[in-house]
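Mind docking chain B on chain A? Use the hints.
In the order they appear, the protein sequences are chains A and B.
Just so we're aligned: 87 in the numbering used here is position 87 of the first sequence, and the numbers increase by one with no gaps anywhere.
Just so we're aligned: 1 in the numbering used here is position 1 of the second sequence, and the numbers increase by one with no gaps anywhere.
Just so you know, the hints here were simulated from the structure itself, not pulled from any lab data.
It should be emphasised that the depicted structure is a prediction, and the values quoted were computed from it without experimental measurement.
Misleading hints may appear alongside valid ones.
As the list claims (entries may be wrong) - In silico lysine-lysine, DSSO-like type, Cα no more than 27 Å apart, as pairs:
no., chain 1, residue 1, chain 2, residue 2
1, A, K17, A, K54
2, B, K76, A, K97
3, A, K97, A, K9
4, A, K10, B, K89
5, A, K55, B, K58
6, A, K102, B, K88
7, A, K155, B, K76
8, B, K27, A, K102
9, A, K9, B, K35
10, B, K98, B, K27
11, A, K55, A, K126
12, B, K27, A, K10
13, B, K58, A, K9
14, B, K35, B, K88
15, A, K126, A, K17
16, A, K136, A, K61
17, B, K35, B, K4
18, A, K133, A, K61
19, B, K27, A, K9
20, B, K98, B, K35
21, A, K58, A, K135
22, A, K10, A, K133
23, B, K89, A, K102
24, B, K76, A, K54
25, B, K88, A, K10
26, A, K10, B, K4
27, A, K102, B, K4
28, A, K54, A, K136
29, B, K76, B, K98
30, A, K58, B, K76
31, A, K102, B, K35
32, B, K76, A, K136
33, B, K35, B, K89
34, B, K35, A, K155
35, A, K9, A, K58
Stated by the list, open to error - Stretch by stretch, here's where chain B covers chain A in the computed footprint (C-beta under 8 Å, at least three residues):
no., stretch
36, 6-16
37, 93-105
Even for Gly, the Cβ is constructed at its ideal location relative to N, Cα and C.
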Amino acid sequence: MIKEEFPIKKVCIICAKGAIEDVMAALVMGNGAVMEGIETKLFFTFFGLDAITKKQMKSLKTSTVGNPAMRMPGGLPFPSILGMLPGVELGVSAMMKSEMAKLDIPPVDEFLDMITAGGGEVYACKLAMDMFKLKKEDLWDGVSGVLTVGEFYEKSGGLQTQIIFV
Amino acid sequence: MAQKVFAGVTVDVNDEGYFTNPSQWSKEIAAEIAKEENLILTDKHYEVLNFIRDRYAKGDALTIRSVGNSGIIDIKGFYGLFPGAPMKKAAKVAGIPKPASCV
Chain A
1 MIKEEFPIKK
11 VCIICAKGAI
21 EDVMAALVMG
31 NGAVMEGIET
41 KLFFTFFGLD
51 AITKKQMKSL
61 KTSTVGNPAM
71 RMPGGLPFPS
81 ILGMLPGVEL
91 GVSAMMKSEM
101 AKLDIPPVDE
111 FLDMITAGGG
121 EVYACKLAMD
131 MFKLKKEDLW
141 DGVSGVLTVG
151 EFYEKSGGLQ
161 TQIIFV
Chain B
1 MAQKVFAGVT
11 VDVNDEGYFT
21 NPSQWSKEIA
31 AEIAKEENLI
41 LTDKHYEVLN
51 FIRDRYAKGD
61 ALTIRSVGNS
71 GIIDIKGFYG
81 LFPGAPMKKA
91 AKVAGIPKPA
101 SCV
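Chain A extracted, bound-state conformation (with noise of 0.2 Å):
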């Protein structure tokens, strides 16, 4: 039994990765959020900004080296040097959007709009928008805008707020 003495009332969910894995997680929390009737915002910052730029958000992929959890379909280790080949990381990638989509897991720009169509808010963070020649234009049109770290923190405000770093 939950204890709902004080329920989350605000969540606000930093996105800093941009392996499809990374930000189906922060989506899923995002999302997640918002269906229980939870404010919510996203921030997304350095790698993470991909899952919001239009150039990039279709394509993102998971990273097949230094991953010591990647395994072949079946359970046998997958060697990193394999994942150095050509075609496997896009092979890779391909294979986990579709195990996500027979979860009804929908593509990272559907699950944006489900997630501002119920009230969620997404931002990118300016310092990264900088340091990547990013401008307000490149960015997916649903994001409501730009902020500093200053600001960030104070639309996080209040008692019953959580922070999640993604």
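Using the frame of chain A, we list chain B on its own:
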């Protein structure tokens, strides 16, 4: 197992108020549960409720995306019909168990 009376009918519910036996549901009962959730049901609500009851009966996963793709309503409209936590509220009013899906 708890019981509750809606529209003069005794139904089985769990401790959170979700039905444990969806066959005990009726339109009249739905209207009474909706009152507890501060909702007044329209035809659109009933269309959505029937859709999710059908899906539940078939054993299909109940996701917010599936409601959005139902052709009955888009996701924004669904949030409008059942404000706050639409999937949970709709499941409660539709007389089915609490949805177990994460999306």
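Against the structure, the hints:
no.	hint	result
1	A:K17 - A:K54	16 Å, holds
2	B:K76 - A:K97	25 Å, holds
3	A:K97 - A:K9	31 Å, violated
4	A:K10 - B:K89	19 Å, holds
5	A:K55 - B:K58	39 Å, violated
6	A:K102 - B:K88	22 Å, holds
7	A:K155 - B:K76	23 Å, holds
8	B:K27 - A:K102	33 Å, violated
9	A:K9 - B:K35	24 Å, holds
10	B:K98 - B:K27	19 Å, holds
11	A:K55 - A:K126	18 Å, holds
12	B:K27 - A:K10	35 Å, violated
13	B:K58 - A:K9	34 Å, violated
14	B:K35 - B:K88	15 Å, holds
15	A:K126 - A:K17	16 Å, holds
16	A:K136 - A:K61	23 Å, holds
17	B:K35 - B:K4	14 Å, holds
18	A:K133 - A:K61	21 Å, holds
19	B:K27 - A:K9	33 Å, violated
20	B:K98 - B:K35	18 Å, holds
21	A:K58 - A:K135	18 Å, holds
22	A:K10 - A:K133	31 Å, violated
23	B:K89 - A:K102	25 Å, holds
24	B:K76 - A:K54	22 Å, holds
25	B:K88 - A:K10	18 Å, holds
26	A:K10 - B:K4	32 Å, violated
27	A:K102 - B:K4	37 Å, violated
28	A:K54 - A:K136	11 Å, holds
29	B:K76 - B:K98	21 Å, holds
30	A:K58 - B:K76	22 Å, holds
31	A:K102 - B:K35	36 Å, violated
32	B:K76 - A:K136	25 Å, holds
33	B:K35 - B:K89	12 Å, holds
34	B:K35 - A:K155	34 Å, violated
35	A:K9 - A:K58	31 Å, violated
36	6-16	violated (count 0)
37	93-105	holds (count 3)
The structure fails hints 3, 5, 8, 12, 13, 19, 22, 26, 27, 31, 34, 35, 36 (numbered hints given earlier, in ascending order).
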